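Novice: Given chain A's structure and the hints, the job is docking chains B, C, D, E, F, G and H onto it.
Protein chains in written order, with the numbering used here: chain A, 1 to 255; chain B, 1001 to 1255; chain C, 2001 to 2255; chain D, 3001 to 3255; chain E, 4001 to 4255; chain F, 5001 to 5255; chain G, 6001 to 6255; chain H, 7001 to 7255.
The set of hints was computed from the structure by calculation and includes no laboratory data.
Note that the structure is predicted; figures quoted are calculated from it, not measured.
Quick reminder that beta carbons are idealized off the backbone N, C-alpha and C, glycines included.
For the chain H half of the interface with chain A, some residues (derived, Cβ under 10 Å), not all of them: (1) 7156; (2) 7158; (3) 7182; (4) 7190; (5) 7205; (6) 7208; (7) 7214; (8) 7217; (9) 7222; (10) 7224; (11) 7225.
Within a straight-line C-alpha distance of at most 20 Å, the following computed PhoX-like cross-link-like pairs (lysine-lysine) qualify: (12) 7046/H to 6170/G; (13) 5170/F to 4046/E; (14) 3170/D to 2046/C; (15) 46/A to 1170/B; (16) 7170/H to 6046/G; (17) 5046/F to 4170/E; (18) 170/A to 1046/B; (19) 3046/D to 2170/C.
Protein chains: 8
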Amino acid sequence: MNPHDIRTLLEKLAAGDLDIDDAVDQLAKLNGIDDMGFAQMDTDRKHRTGMAEVIFSPGKTTEQLEQLIERSLVHHGSVLVTRLEPDRAAALVDTFEDLQYNASGRILATPPPSPAIHPAVAVVCAGTSDLPVAEEAAATLEHFGHEVDRITDVGVAGIHRLFGVLDRLKYARAVIVVAGMEGALPSVVAGLISRPIVAVPTSVGYGASFGGIAALLGMLNACSGGIGVVNIDNGFGAATVAHRIARRDPEGETP
Amino acid sequence: MNPHDIRTLLEKLAAGDLDIDDAVDQLAKLNGIDDMGFAQMDTDRKHRTGMAEVIFSPGKTTEQLEQLIERSLVHHGSVLVTRLEPDRAAALVDTFEDLQYNASGRILATPPPSPAIHPAVAVVCAGTSDLPVAEEAAATLEHFGHEVDRITDVGVAGIHRLFGVLDRLKYARAVIVVAGMEGALPSVVAGLISRPIVAVPTSVGYGASFGGIAALLGMLNACSGGIGVVNIDNGFGAATVAHRIARRDPEGETP
Amino acid sequence: MNPHDIRTLLEKLAAGDLDIDDAVDQLAKLNGIDDMGFAQMDTDRKHRTGMAEVIFSPGKTTEQLEQLIERSLVHHGSVLVTRLEPDRAAALVDTFEDLQYNASGRILATPPPSPAIHPAVAVVCAGTSDLPVAEEAAATLEHFGHEVDRITDVGVAGIHRLFGVLDRLKYARAVIVVAGMEGALPSVVAGLISRPIVAVPTSVGYGASFGGIAALLGMLNACSGGIGVVNIDNGFGAATVAHRIARRDPEGETP
Amino acid sequence: MNPHDIRTLLEKLAAGDLDIDDAVDQLAKLNGIDDMGFAQMDTDRKHRTGMAEVIFSPGKTTEQLEQLIERSLVHHGSVLVTRLEPDRAAALVDTFEDLQYNASGRILATPPPSPAIHPAVAVVCAGTSDLPVAEEAAATLEHFGHEVDRITDVGVAGIHRLFGVLDRLKYARAVIVVAGMEGALPSVVAGLISRPIVAVPTSVGYGASFGGIAALLGMLNACSGGIGVVNIDNGFGAATVAHRIARRDPEGETP
Amino acid sequence: MNPHDIRTLLEKLAAGDLDIDDAVDQLAKLNGIDDMGFAQMDTDRKHRTGMAEVIFSPGKTTEQLEQLIERSLVHHGSVLVTRLEPDRAAALVDTFEDLQYNASGRILATPPPSPAIHPAVAVVCAGTSDLPVAEEAAATLEHFGHEVDRITDVGVAGIHRLFGVLDRLKYARAVIVVAGMEGALPSVVAGLISRPIVAVPTSVGYGASFGGIAALLGMLNACSGGIGVVNIDNGFGAATVAHRIARRDPEGETP
Amino acid sequence: MNPHDIRTLLEKLAAGDLDIDDAVDQLAKLNGIDDMGFAQMDTDRKHRTGMAEVIFSPGKTTEQLEQLIERSLVHHGSVLVTRLEPDRAAALVDTFEDLQYNASGRILATPPPSPAIHPAVAVVCAGTSDLPVAEEAAATLEHFGHEVDRITDVGVAGIHRLFGVLDRLKYARAVIVVAGMEGALPSVVAGLISRPIVAVPTSVGYGASFGGIAALLGMLNACSGGIGVVNIDNGFGAATVAHRIARRDPEGETP
Amino acid sequence: MNPHDIRTLLEKLAAGDLDIDDAVDQLAKLNGIDDMGFAQMDTDRKHRTGMAEVIFSPGKTTEQLEQLIERSLVHHGSVLVTRLEPDRAAALVDTFEDLQYNASGRILATPPPSPAIHPAVAVVCAGTSDLPVAEEAAATLEHFGHEVDRITDVGVAGIHRLFGVLDRLKYARAVIVVAGMEGALPSVVAGLISRPIVAVPTSVGYGASFGGIAALLGMLNACSGGIGVVNIDNGFGAATVAHRIARRDPEGETP
Amino acid sequence: MNPHDIRTLLEKLAAGDLDIDDAVDQLAKLNGIDDMGFAQMDTDRKHRTGMAEVIFSPGKTTEQLEQLIERSLVHHGSVLVTRLEPDRAAALVDTFEDLQYNASGRILATPPPSPAIHPAVAVVCAGTSDLPVAEEAAATLEHFGHEVDRITDVGVAGIHRLFGVLDRLKYARAVIVVAGMEGALPSVVAGLISRPIVAVPTSVGYGASFGGIAALLGMLNACSGGIGVVNIDNGFGAATVAHRIARRDPEGETP
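Okay, chain A solo, but in the shape it has when bound (with noise of 0.2 Å):
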């Protein structure tokens, strides 16, 4: 709960311009939860860790969607909705019509600040195969308000293409790598650059890489220092370390 707001309120209150009424239901609110029934809303998140509640899609009705959807626009201008399949964009996008659906990413968001206004971040991936968690990294940054810079197929079998690109993964503040099978990609990233990587082991792979456990062991072991590993194919997780990374302070500090 801020108490700027809570001030804010309390003197809207005392000046008249607010009925008893509408203060109760702002400091019901003010709380830190919007009460829907079926969610609590933690409508404090942003304000304690600089990040709106996310909607995950999965297990949700879209009637649901469309409520969570509605209350985070009222409370913070905008809106992140995660792991949407198209057809229920689709419908989204008619309800909601300033709503843009990233099919690659399967992300539904307000549009991202333009110019970004937050340092870049990469986002390498390593093979193809791997992009739809890449750009749901990338996605979720630039509506996070981060400059991105994407970078895609340079995995470990022709290291030369890594090499090639260098001069862009040393200007980012910190970078993403994206990775199936063997998971390698991180640790040599790591050994050639000195800002943190952020490496996503992905679940593409033949019959051993077991749904990304391989790749993700790999990134656990890495040789090369300054990894930090999330979760299989969660390309929002490791847009959300990249952003308390690299984002600049309220105060207007570069990270």
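Specialist: For chains B, C, D, E, F, G and H alone, coordinates are given in the frame of chain A:
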């Protein structure tokens, strides 16, 4: 290979301050490798990644450690040895009098810069049994030049203990959270602050912790955003991530 | 086999209120088994354990379900069918008009006692995706005669939501906590109240949740005391534990 | 923090029965934390959960144990230390003469209340190799004030042994069942009585028991209802569940 | 290769009852292989192991099944096809009118010997969901010529159901026990009788049964002696073990 | 409980050959339990299953072993102790002079019947490192009264070694096959003979044998029929299966 | 980057056979990368490793496949597409008329060299269900220019089938062995011949084959020497290993 | 069994250079087995596979090792003992003065052929902790007669170290790559050269390396072609694969 170093060397040669044989020898090393026979020290790593090569003790003889310490001192003027048992540390401190041994963190190193030259990192641990891993992280960060704030024994079974240290958590540029058993602490911390979290699972726990797998999975599946995970018991690895996040750039820019 | 039932039957026989054939038939069933050929209904289970045999739908034909429902109604006057899909439920509701179907919990049952005859149990869930499992637990408890308090979406990423419902948690005689992902909620709840916790891991989560293994291990390794764990997604099982904890004894004693 | 304790303290201060310094000191602790530097003792836990913080020995030095024991005695007048090896126990008994060591259960504690103040709990174990885990549970329950009935060596290979103790099982308010190998005993017991079962898998067994995984999975998949499972070899954890189920409320109400 | 068959063939050739070409052709097959191109039928297997090669359907085309059935009939006068889905079975029954399809056990075969020529085997299953696996075992045993006693739904949650069938269990020469979930039934049965037990874990169960791993481990770790375990859901495999145990030798000796 | 034993006892009492106190004492034991406090010896097991209760040493004190041995001798006139280390065996042989210790199989037992009273069982092992497990099986079978044929070091890397012993394999009534590493030997043996195979995986092997999991899975997935599998390194368990298969019935019938 | 190609290009430019723009374009590609936006084709791979980049279909759109095929034909005059489903193959064959589709091996490729230009490789499979994986290996090898000998259905349950093909196995320069279930065939083959074995586990099998883990572990733990293992179901990968072993060097030397 | 050896033996007998008893004895051994009671030495293995049987030390007594060494010397004039600890090696070197012990590789063997008789194999290792496994491979290859090039400490964290040795890698006929942690080195090497790669995962690493599983999975899932994998820490196994690939045929043909 650092162009500046090459230039300096060639200038000395031209000025007659270096004879040909020494120049050849030094140039050979300037290719970024100090070939020690049993090891190929990566002398260029600090230039590329901001962190010099660190010496991991297990599986190395004391003689090998001595040679590696000596060469690291020659190349960088500093050294960091990890996972070193007390008896071997005592012998090495006899040989290298300027080194200091941190018994809890099992780290042998040259004294850290004083005062600190990089921003603060908080190292939080859930229980007293997690202290050795937390100390490995803390001592490594001090070696890298960070201000470090150690916060101990604030596990979720008594969650009020965490609220008492919120201001210290918010002050830090990055927060390392060390926890065993169910590994729930990073989720809770990440829900309360906006800085990036580096989560370290430990092997502390009863039977079905499976040597830290339970905590590792807990952290990878955290419902809060902004958490990068490192290997089980890998306090050193967590410090390398936090350092890349929090270090001040050579130009003095604060992250 | 209940001695009281045998005595009653024999008294009827002696009084001429029952002929020999019927007596033989009923005695056969009084041995605690209703032999239906494809199944041996355990008609004595309610007497031994306080809970009549429940019908688990998967792998049974609709004809078998009909026979089992019919025999359960004969023996107990009530029936509980779990994990029943909507289309089969519709057919069975046509046949047995007194039964009610709970679509979210996938449960078909005779209406619960009203008012409740057993103390309150709270059913808490961490996220909206965990609702079906929570509802299976809640509906089962209502069938058993408990007052049930459903508390939803209070996961640890926004822990203030939990503090708002502490009084409801303390009022309950037992608390079921349903959570996926890292499964941290039971640890936090158990650190705040004194009642027994029944923890249910769910299969909700990204890749490395491994179908609920992450949450299961998290709950088994909870650093707080007082938590008993049941199988993944097993809301019904959790209800059986809570019922044994919280039910009022036949003599009317409150647990 | 217990409001009643605060009031009492302030009344003493007002009445001149306490000087300012002592009041400050005591209030500091009344925030629920005794900050011991290497540990943050949760002094409020007993108030919240009904069980004071317990001292888990592994990974702690003997000096740390001494300090924790001393502070626990100050705060609660009692202490419970678990997983303590005999040699360290001998040293601590020398220092704290009132403590008693239970070698089989590896528990050091103040003497339990006599007579018992809470209802009976049965602790059943399948084989003689499971005895240490069962004794950890039994001794912990006695420390909490329960009447305890130890029933040993009634595994399912000779199931008639179990029928001989049915009356003792039915008398208990809760039943802890400890078993290794296939972990089948809880299923059988739960099918015979109506009280809640707390199942403890042990690491006893041949190769493919995998340190207790076989028994753990057996118990989680039990075909009988009413079973809550705790971690492998975690007799202490089982006792905390049974205590929450079976303890008499402060108002004296029998569960 | 059976010497007797070779002799017979050569005698026919010598007697002029066989021409050279046919002799060559038959001798080629007498080497124990019927080379069908896509398969090498092991025509000698019945001679070596007492059981002719059986046809496992998955991954084979219907045309391949037809050819294999035809050749099996030529070599042995009988055939057994396992894991055959109903629609393909219908087509094959059209082609081979003498074959019979057992839908529950998914087995297509020539009619079994009547009356049975081998001793009785009991096939016990714990729950009704385990029936398809049990039926695969039972139908295979009947094909091999055994008397089979099917005993269903006698799981350990209501253990009195088992005592009612003890005499039938003791009569059998071997007992197959089929169970899912915790797989405890074989332990209990093996503690009550003296015949060998063949245990079959099934994939029936909630989340942490992990597709039958829980039951498999339970059976491998059984505390009772005399239990041999086969693969998950492998009713056919269990029948091959029971047949080797219980079959009457060619000389008519009863096992 | 054996009715014949009860009758005998009562006849002695009636004839005055037994006084009341002794009769009470003996009847108490005739309920099938010898209650030794720390253990409940199942004295009826031999009657039910054909094998008396066996003493598994690990986790038992030497005093407990002495008591168990003594009581076993009283009840059965014989005893079998498994997994006994040499130093403890030496002490027990001093106390019980008639017992013999088999160091390789780690078995202490009364001398086996001579000559053998049950048919032959072959115990085959793949490599010399598997010998201790094979010897545990062989010595247990001799204790049970079987003729035993030990066949060693016939692994599949040199498969011609197996063909040389085919006649010995065919002579046995059952064949135990012990193998580590990939555990392929049972598949090959089962394809060559018609007798039942009991397969024992061992923990022998390089890294990815995972303590016997590789061999265990290999045996469970054997492509040949007729193989029942027991736990890793469980030579004793294999012997109990083979004994149930191969033992001559009390009436003298040969299996 | 092949120096010869660069020289040729520059000579054309000098001779006026190439204008500047085309030269720039071609040189860009001669750095070993054909930047297609969504992919970075590694055009130098054939030069470095002897095998051009291959197109793995899953996760790529048909449009992407078309572009990749076209560019591969431009760079190499040949193309190999793996894991391609029949319907998409049909569309691509319409577009690229010279390509041939192998339905069993799911491979689309330019016709292989005829006659073969590299030595023979044998591809052996244990059962008919393993055929698709074996065919993927065989067709890939033919594409690379090898003579291929397909040997099917010679699993260890009827080991005499293997002895009949020993001469064919010995003739090959390398032997690929494909097997599911327990994966024992490579051990047996490696014990009979002197050529290197490439072992491919398949996901064929009953429950506890766990999607090929059993076969994979069996092969990694083979007691015979000379076996290199590839990923589950990875026939293509096996072919790349065999090709590197068996291919004739550019100078025409036979391996 | 080598026909040439049989002929030689029979010629000697015919010429009177051998008496009947010796001939019988030698013929017995010519069946390919030297029956030593506790072991069946496979004396024909060298003839079949090109490599004589090797002695794996663990689980064998020193007496057994002596006998096996002696017999191996008789049959082959050479011997190779693996995984031998230094103290036992010292004793055996006393007995067999011609043997040499390689302490790092834990190998005891007759001196290797000098000069080498087979082409070069490179043995590359990622870190200094992997050296013992690499040395086991290298020493085994020298025993087999290969030229061996040891390349150490060229892990991917400093990938420039690898480029400096590319010519040495290309010169070798096969390349063994030994790596722990994430096991990424084989992927990178296989992308740079055209020779077959034998990858050996090691158990070196922090917690979640799980004793080498991470490296094993990394290698099995390598995105580069041409990699065959052996068991964890199995340097010997890698050498057997490389030998089969690289050895010169008896006719002198170079592979």
